[in-house]
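With the sequences and hints as input, model every part of the structure.
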Amino acid sequence: MKTLSAIILVVVLYTTSFGQITIDPSPTAIDLVTNTLIGPGLVTSNITYTGANGQIGFFDANGSNIGLDSGVVMSSGNIVDIAPPANPNTDLNGPGDADVLATAQSVTSNPSAGSITSTHDAAVLEFDFVPTGDVVIFRFVFASEEYTTFINTQYNDAFGFYISGANPAGGNYNVDNLALVPGTTEPITISTIYPNLPGSTGLNQQYYGPAPVGHSFNGFTIPIEIRFDVICDSTYHLKFAVADCQDGILDTGVFLEGGSFQAVPVDLSLETNIDASLFGDSVIFEGCGVDADFVFTRPSCQSGDSLWVEVNVGGIATNGVDYSTIPDSVLFLPGETETVVPFSAFQDGVFEGYEDVIVTVISILPSGDTIVTTGIIWLFDQPNVSVFAHDTTIYCLQDSIDILAVGSDGVPAYTYTWNTSSDTVNTITVPANVNGTIDYYVTITDVCGFTDNDTLTVIVNQTLAIDTLIQYPASACLPDGAVSAIVSGDSTSATTQPFYHWVNQSETDSIDATVWQDIPAGWYYFTATDDFCTVSDSVMVEITQPPIAQFSASTTSGCDPVSVTFTNSSQNASTYLWDFGNGNTINANDLSNQSQTFNFSSLVMLVAYDANSCSDTAYVNISVITCGCMDPEALNYNPAAVQDDGNCEFPLPEAIAPNVITPNGDGDNDVFYIKTKNAVSIDVSIVNRWGNIMYEKTIDLTIPNTQEGWNGFVKSGLYAEEGTYFYKYKATGIKGDTIEGHGFLELVRD
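Residue 529 in my numbering sits at position 529 of the sequence shown, with consecutive numbering throughout.
Check each hint, because a few of them may be wrong.
[Stated by the list, open to error] Computed list of lysine to aspartate or glutamate pairs in EDC-like fashion (alpha-carbon distance at most 16 Å, straight line):
id, residue 1, residue 2
1, K735, D700
2, K697, E708
3, K675, E633
4, K677, E654
5, K677, E740
6, K730, E708
7, K239, D176
8, K735, E649
9, K675, D631
10, K677, D737
11, K677, E633
12, K728, E740
13, K735, D631
14, K735, E654
15, K730, E746
16, K728, D616
17, K728, D750
18, K730, D700
19, K728, D683
20, K730, E654
21, K239, D128
22, K697, D683
23, K730, E740
24, K675, E649
25, K239, E338
26, K730, D683
27, K715, E696
28, K730, E696
29, K697, D631
30, K239, D99
31, K735, E633
32, K675, D700
33, K677, E708
34, K677, D700
[Said to hold, decoys possible] Pairwise CB distance ranges, derived in the manner of DEER restraints:
id, residue 1, residue 2, range
35, P195, G335, 46 to 56 Å
36, N636, T585, 30 to 40 Å
37, S557, S506, 41 to 51 Å
38, Q206, P27, 30 to 40 Å
39, S408, A166, 49 to 59 Å
Derived by calculation from the structure, the hints in this document are not laboratory data. A virtual CB, placed ideally from N, CA and C, is assigned to each residue, including glycine.
Following this line, the structure appears as structure tokens:
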């Protein structure tokens, strides 16, 4: 439903200069409410004002551009400072207001709202009123010296219009703020309505006013209408309040339009069977099938008597000719609160553009006050919808192309129906990968249901083609390959030539021709271009079988010297160069085995050549190490060996025994001991002729200067008798080798 009532047209005439706003602080609050602010349909009482006397008064704005003629002004400073050249920047050291503080803290668009902890210099106007209608309206302008420096800061001065009383929607208004950004739940502050600023985009800037003229505030809003529902003959309490936030300087003001605070006795609205937002506010198209009703509504508290309401119809469109007749009066019978007048626009087939219908309802209150409510409806007609589908001809095959149909006239938005697509837009994608002609059919439908159709023809006619790509193999080591292309169907003009282009796979070399010679093996890409199309293909230049050098060794490591037999298993080659790395090289013409002896580690290289001298190389490492005895005690110890060959040779032990001892204490031949060489121990035993053991011991020869032996005593410590004794021994060598011996010795004491 579109409400058509209370439409106010504000026209500001700009001349070369403006005067300035006039401020009068002398009227009392009761006088300002009763004689300035309140319009028809309301009875007020209990009018109170809180704040400094200089914060409320009367304004005459004919010399400024705030968009209101006159009314009541309230400010958080001295209102006389609003008129130039004064500066609205007064700290009155007055108290704040809790409702204004709560409003300032609720601004979600201000990131600093939570930092606002106090208000100052509040001006508060309150009164009770009883409406004689179900809708109350008034208009105002918000202005502030805080613009635009302190947007989104804690110095976000605020105001509010707080209503209390019965809510027709259910429940009660409970100090609800009516001063909201239209269409939102955000309070009106410098942080909810402001223009584009350097580095940021404005917010709700459609409600921000022009540059200030005739007053001293830094910024202000356009006139904004407040409309709220009430229950007629019920009592409501309204509180107008404005205050500084966080500090008392840089004032903020509210201009309330004189006479705009009024009850609407008869409301006028237009109801249609479609969403009017499709066309815009209050626009009806002729012949569009839109049924509409003018709905005249009066408050239930006035429904006890009959009521005639005068209806004046004006505008460019002719009543009863261009649209169904609207009567010159409307009758409300007792008990009726709503009267409906059907409305429809006729399609006359004549294109006339926009024509307005102005409906004015004149209501006379019992007090004698007259309230005029005006609504405007726009009628619009234009030629029926049409569609033009653009035929498309392409000369180059593609996976797909976009085809287009363009609608005109009728009533947008349009819906397009294609025979090959479920899309309802004017552009669709169709395949274009086969030569031939295909027709597509499109139907356009506008909002009013009018249709038109057209046929779109797609012609695909590619003649350019790459018939054949030929490759000639290249040698393994010579760039002697070639490619050739055969192209047909080029559509170049008489003054131009088709363009041919070859490029290699690394895109490092190219040629503009159909034939490319002396190239190495690899992928080659060919492109042919005529006046309309580009076609591409590729071919692989193969390689003749290259020589492959490969061989194996019977062994790849060993002790010096290492004998190795090499087996040649190369392919696609005819001659071979062997470099054994040991100073020997061989040129061979066959795959015969080669044998070499290595005394040191060497890198063996085989180069295999084909008939074109292309070559390939293979390598094998031969590791040669020095082996030998690594035991320093061995006779054949090799200090250069890095691997023990297990062939160490050690000396056999030797022993020499005397055949006489003379233990007479003269220090010469007093002890019998066996001299050894290459022995680590020796076992010695001596017995007499009867087999009695005279001496028996194992001697550790690893102890330096060891010369133990028999001193000629028996075990009991007695001297042995002179005579012949028998000895035997067993000597153990370094690696466990042993020798044994025996003999006779003669003991002589003299």
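Here is what the structure says about each hint:
{"no.": "1", "hint": "K735 x D700", "verdict": "holds, 15 Å"}
{"no.": "2", "hint": "K697 x E708", "verdict": "holds, 9 Å"}
{"no.": "3", "hint": "K675 x E633", "verdict": "violated, 21 Å"}
{"no.": "4", "hint": "K677 x E654", "verdict": "holds, 5 Å"}
{"no.": "5", "hint": "K677 x E740", "verdict": "holds, 13 Å"}
{"no.": "6", "hint": "K730 x E708", "verdict": "holds, 15 Å"}
{"no.": "7", "hint": "K239 x D176", "verdict": "holds, 10 Å"}
{"no.": "8", "hint": "K735 x E649", "verdict": "holds, 10 Å"}
{"no.": "9", "hint": "K675 x D631", "verdict": "violated, 26 Å"}
{"no.": "10", "hint": "K677 x D737", "verdict": "holds, 12 Å"}
{"no.": "11", "hint": "K677 x E633", "verdict": "holds, 14 Å"}
{"no.": "12", "hint": "K728 x E740", "verdict": "holds, 7 Å"}
{"no.": "13", "hint": "K735 x D631", "verdict": "holds, 11 Å"}
{"no.": "14", "hint": "K735 x E654", "verdict": "holds, 13 Å"}
{"no.": "15", "hint": "K730 x E746", "verdict": "violated, 20 Å"}
{"no.": "16", "hint": "K728 x D616", "verdict": "violated, 77 Å"}
{"no.": "17", "hint": "K728 x D750", "verdict": "violated, 25 Å"}
{"no.": "18", "hint": "K730 x D700", "verdict": "holds, 12 Å"}
{"no.": "19", "hint": "K728 x D683", "verdict": "holds, 8 Å"}
{"no.": "20", "hint": "K730 x E654", "verdict": "holds, 10 Å"}
{"no.": "21", "hint": "K239 x D128", "verdict": "holds, 9 Å"}
{"no.": "22", "hint": "K697 x D683", "verdict": "holds, 6 Å"}
{"no.": "23", "hint": "K730 x E740", "verdict": "holds, 4 Å"}
{"no.": "24", "hint": "K675 x E649", "verdict": "violated, 23 Å"}
{"no.": "25", "hint": "K239 x E338", "verdict": "violated, 32 Å"}
{"no.": "26", "hint": "K730 x D683", "verdict": "holds, 5 Å"}
{"no.": "27", "hint": "K715 x E696", "verdict": "holds, 10 Å"}
{"no.": "28", "hint": "K730 x E696", "verdict": "holds, 12 Å"}
{"no.": "29", "hint": "K697 x D631", "verdict": "violated, 31 Å"}
{"no.": "30", "hint": "K239 x D99", "verdict": "holds, 10 Å"}
{"no.": "31", "hint": "K735 x E633", "verdict": "holds, 10 Å"}
{"no.": "32", "hint": "K675 x D700", "verdict": "holds, 13 Å"}
{"no.": "33", "hint": "K677 x E708", "verdict": "holds, 15 Å"}
{"no.": "34", "hint": "K677 x D700", "verdict": "holds, 13 Å"}
{"no.": "35", "hint": "P195 x G335: 46 to 56 Å", "verdict": "holds, 51 Å"}
{"no.": "36", "hint": "N636 x T585: 30 to 40 Å", "verdict": "holds, 36 Å"}
{"no.": "37", "hint": "S557 x S506: 41 to 51 Å", "verdict": "holds, 42 Å"}
{"no.": "38", "hint": "Q206 x P27: 30 to 40 Å", "verdict": "holds, 34 Å"}
{"no.": "39", "hint": "S408 x A166: 49 to 59 Å", "verdict": "holds, 53 Å"}
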